[in-house]
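**Q** Chains as they are written, first to last, in my numbering: chain A, 1 to 327; chain B, 1 to 451; chain C, 1 to 303.
It should be emphasised that the hints constitute simulated quantities derived from the structure, not laboratory data. Glycine residues also receive a C-beta, built at the ideal position from the N, C-alpha and C atoms. Careful, some of the hints might be misleading.
Unchecked claim - In silico DSSO-like pairs for lysine-lysine, Cα to Cα no more than 27 Å straight-line: (1) A:175 to C:55; (2) B:223 to B:442; (3) B:223 to B:130; (4) B:223 to B:425; (5) B:223 to C:55; (6) B:425 to B:250; (7) B:425 to B:442; (8) C:300 to A:152; (9) B:442 to C:55.
What the hints assert, rightly or not - Partner residues are not named here, just some residues of chain B that face chain C (Cβ under 7 Å, in silico): (10) 84; (11) 91; (12) 113; (13) 194; (14) 195; (15) 255; (16) 257; (17) 412; (18) 415; (19) 417; (20) 421; (21) 450.
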Amino acid sequence: MSDLAPARPGSAGATRSAPPVRTALPVRPATRPDGTAAGRGTAPAARRRPVRRAGRALLSLAAIVVSLLWLFPVYWMVSSSLLPNVLLQSTRPTFVPVDGSLDNYRAVLTGSGFPGALRMSLAVTLLTVLVVLMFAFLAALAISRFRFRGRKSFVLAVLLVQMLPAEGLFIAQYKLIGSLNLLNSVLGVTIIYVGAVVPFTVWMLRGFVAGVPIELEEAAMVDGLSRTQAFLRITFPLLAPGLVASGVYAFLQAWNEFTVALVILQSDGAKTLPIWLRSFLQASASRETDWGQVMASSTLIAVPVIIFFLVVQGRMTSGLMSGAVKG
Amino acid sequence: MTILRSAAVGAALALTLGACSSGTTSSETPAGESSAPESASITLWLAGGDTPDALREYLTTEFENENPGSTLVIEQQDWGDLVTKLTTALPDANNTPDVVELGNTQSPTFTNVGAFLDISDMYDELGGDKLLPSFVEAGAVDGANYTLPYYFGSRYMFYRADVWAEAGVSVPTTLAEFNEAVVTIAEANPRDIANFSGFFLGGQDWRNAISWIFANGGDLATKVDGQWVSTLSDPSSIEGLTQLQEIWAKASNAPADAKDQSPWLYINDTDSATNEDSSTTDTSLAAATIMAPGWAHWSIGDLEVVDDKPVRTWNDETFGTFVLPGVDGGAAPVFAGGSNIGISATSQHPELATSLMRIVFSPEYQQMLGENGLGPANSDYMSSLGDDQFATALIESASNSQLTPAAPGWAAVEGSGLLEEFFSKVSQGGDITALAAEYDEKITPLLNGVG
Amino acid sequence: MTMRTQTVRHRRRPRTPYLLITPAVAILALSMGYPLVWQLVTSTQRFGLAQQFGKAPESVGLGNYVTLFTDSYLWTVVARSIAFCLVNAGVTVLIGVLLALLMKAIGTVPRLILQVSMLLAWSMPVVAAMTVWRWLFDWNRGVVNWVLTWGGLDFIGHNWLQAPLSFFFVATTVIVWMSVPFVALSVYAGLTQVPDDVLEAAQIDGANGWQRFWGIVVPMVRPVLMIVLLLQIIWDLRVFAQIKLLQDAGSTPSETNLLGTYIFQLGTGSQDFGMASAVSVFVLVLTIALSWFYVRTLLKEDA
Chain A
1 MSDLAPARPG SAGATRSAPP VRTALPVRPA TRPDGTAAGR GTAPAARRRP VRRAGRALLS
61 LAAIVVSLLW LFPVYWMVSS SLLPNVLLQS TRPTFVPVDG SLDNYRAVLT GSGFPGALRM
121 SLAVTLLTVL VVLMFAFLAA LAISRFRFRG RKSFVLAVLL VQMLPAEGLF IAQYKLIGSL
181 NLLNSVLGVT IIYVGAVVPF TVWMLRGFVA GVPIELEEAA MVDGLSRTQA FLRITFPLLA
241 PGLVASGVYA FLQAWNEFTV ALVILQSDGA KTLPIWLRSF LQASASRETD WGQVMASSTL
301 IAVPVIIFFL VVQGRMTSGL MSGAVKG
Chain B
1 MTILRSAAVG AALALTLGAC SSGTTSSETP AGESSAPESA SITLWLAGGD TPDALREYLT
61 TEFENENPGS TLVIEQQDWG DLVTKLTTAL PDANNTPDVV ELGNTQSPTF TNVGAFLDIS
121 DMYDELGGDK LLPSFVEAGA VDGANYTLPY YFGSRYMFYR ADVWAEAGVS VPTTLAEFNE
181 AVVTIAEANP RDIANFSGFF LGGQDWRNAI SWIFANGGDL ATKVDGQWVS TLSDPSSIEG
241 LTQLQEIWAK ASNAPADAKD QSPWLYINDT DSATNEDSST TDTSLAAATI MAPGWAHWSI
301 GDLEVVDDKP VRTWNDETFG TFVLPGVDGG AAPVFAGGSN IGISATSQHP ELATSLMRIV
361 FSPEYQQMLG ENGLGPANSD YMSSLGDDQF ATALIESASN SQLTPAAPGW AAVEGSGLLE
421 EFFSKVSQGG DITALAAEYD EKITPLLNGV G
Chain C
1 MTMRTQTVRH RRRPRTPYLL ITPAVAILAL SMGYPLVWQL VTSTQRFGLA QQFGKAPESV
61 GLGNYVTLFT DSYLWTVVAR SIAFCLVNAG VTVLIGVLLA LLMKAIGTVP RLILQVSMLL
121 AWSMPVVAAM TVWRWLFDWN RGVVNWVLTW GGLDFIGHNW LQAPLSFFFV ATTVIVWMSV
181 PFVALSVYAG LTQVPDDVLE AAQIDGANGW QRFWGIVVPM VRPVLMIVLL LQIIWDLRVF
241 AQIKLLQDAG STPSETNLLG TYIFQLGTGS QDFGMASAVS VFVLVLTIAL SWFYVRTLLK
301 EDA
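So that you can see chain A by itself, here it is in the shape it has in the complex (with noise of 0.2 Å):
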């Protein structure tokens, strides 16, 4: 039921949404770090013969076919998040909502609670992905960077303690937190979110630093830069894409996460998203549950994590075009 991916075992899909490894964010997969434009999406191959346009139309079709195969599950969600229970309880499924309305979208929104748990979630999510690049970064320059004694212990440390499974680990948690005098705070969740994002960060990022050869940053020193100009304008611009891939899994683990959430949270005030989707999902033992509304919380929760993925494009593509070194 959680989603911390190293702590949380139960992290479901959260846990298993974790971004790329190495290089760009996969929205824009088709330009490489050092931020020349790859394949373009063409198989080289196929541009050097006679084109197979059957082929290609095959694929195409294919690509097509998968595409709907994953994009359904998304579609019935918003599709039933239109509907009024009584219809979601049919026997015969409505596959277009014709006779849907906002009605649910109405009701959760001035229900109770969303925008407190809205503002919540985005100051615990924002919170961690900030302090999970800053502690994860360091680490990362640390161990690719460095040779120093603990080395392979830390790497390795980093690697185990995500394996630890979390399904036991609830009382620990609170005590931890509850000794910090941190419960229901912000501060108090995101103390264990980061613990359990950072070390896969760490990892994701040593590979990314470990990525910019250090004789472009010597040099450019050579060419008379200092050497925190020859940081910044050199290698930060090409962790841009590390850093938002850590950023873009942090992001997703701290917003869906809700055990850790559940037992740290448990006062009205300091609700985040997932749990208040689960006051719909269990409203009530004499009430039965409003599967409409169900959906359109969650439609509600998946929104902003699309137009988180949005953002991050455009500052990523920014970040890319200034600082693109032809390597």
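Once you have looked at the hints, place chains B and C on chain A.
**A** Then chains B and C, alone, in the frame of chain A:
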């Protein structure tokens, strides 16, 4: 540790996200304030959305009137997460809610480990023997009262009056008649529906199924020499299980892994599908009878459009209710749902919490519970439920209702999933005696709790 | 920024790397250290709800482990989990790689459609995804049965979750659906790093598609594949939410328990936190053992 802590805090501060404002601990109060209970804030945890808003407002207002300067914060916890939250928060004096509602079957487990305050001294004041005895027992240990009933619900039968009539059977007056009637309906299948059930009973639906054990004089567990023992192998239990197996074999087409979630889906007509011969079939109707908590009637009825929205409207010509009859007539002892309420043993404000308990058990509040369809804890206010058929069925079925054993490890038994498995295997035609012995052996060690 | 540049400047000094890893080590020690120690200690105790409510826990040494290892049920669950993990990780990576190759082989428009679909599936909240999948496979009103029946097969009232094998088929479908976007997009990103001129040169030298794939593409995306496979194995071995939510919908839990749901059932379900901790520690060791080959290879490549 100090360094680690300040590192984390420092990092967070550096990021200057003023996000912590929303994270206040409502029950947190400076130490020493417990000596001045008239100016504190206490927290009440309500389980699920069952207590209507009007009742919550009444509690808050009334509490603040009686305790000027103090406030009551009501927080709603979801049923599915309640055990996890009680496990973590109740032992924590700094963060514990002061008054807590919990499921009646969860109560024995928590009262036995000392999670609640002994309130025996106010038992008589709060209603005494007018309070539902089975619930009181679920909150008592060695004669001392820790939690008391909050409200009750009970299960009765909803049936398709039209289908029953088409099959030529009438409402039964004894359990044997019921068992026979639902088989007859299933075999007649008057509307020729695929997978039709005379009585829809999920294979893992032990909460409804145990009524047959109770009705035949059996029980799930009993206390022998101070130790709890599972009693599925008791001859009375076996008798009930045998009847159940017959129902599962001949009357119910519910999946062997179905639980008691939304059975009403199967007795509603949702829509009609056109067959090849252009006749139409009511596709959702899959059962002539279900057993469900009383509030299910809000979800049962004809599909009508009111204010442009499709809703369920109860129709007496199509639907009906009756109480599961006992072996010799009357009401069978069915499983009583509902919840208990108590004061956390670690509460910093026991006096204020006591004051809240008095309001909950006041005539006004008990009356309000009934008016909202929740069975009041105090039997003096039963009439507040009203006198329509749902209220009548609720009161009648509750009159003889029974709870799961008040064993310290009962929550562990429920959490282990053993009951679901046992009943599911019985529903699939397993050897009852062998299964009962096998699961008695598995359940008994859990009953007395770990540690 | 200042901090970072300074650390780089002083990077020849031995103190610097320790300063750099301090925040990460600190947060790990704080948020994972205490729970890990708690779990180790609790796994050697008789620890139930009474202990959580203040009763002094009684030490049983390795008693919990002895109980555990002599219980044949644990080994059933372990075998089931490993099989499930390998099948799911394998199928996920296979489909992911195939889709990545597909993305590379098609034009921009279909590729973007495919990528955006993957992304949307990826951004769907877990609870929502599981709810939708449960509906799709519902015995009475599920779309899957409806479509199969419509297609002329007798699937009216077919209960997908009841038989364990069928249950795991549904679970695999859901998990593969959830995990493939990550794998496909990662591997595709890796593929874009394979320089076209190398491939072209190989082609001129007479290498066929199959040879080019195994000789050039696979070695170049190997690091990505390794990490992706390792993560899939870790995650699929500890998979919890999907199985738990599917169990809530149907099936007999003891026949469909994997390690994650088994720990949950012991701890949260039966309040036997001592045993739950013992299983957790065991799962940690098991995961390390299973992935040791990969971890070692990764470490070697890292050196």
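**Q** May I ask which of the numbered hints given earlier this structure violates, with the numbers listed in increasing order?
**A** Result: no hint breaks.
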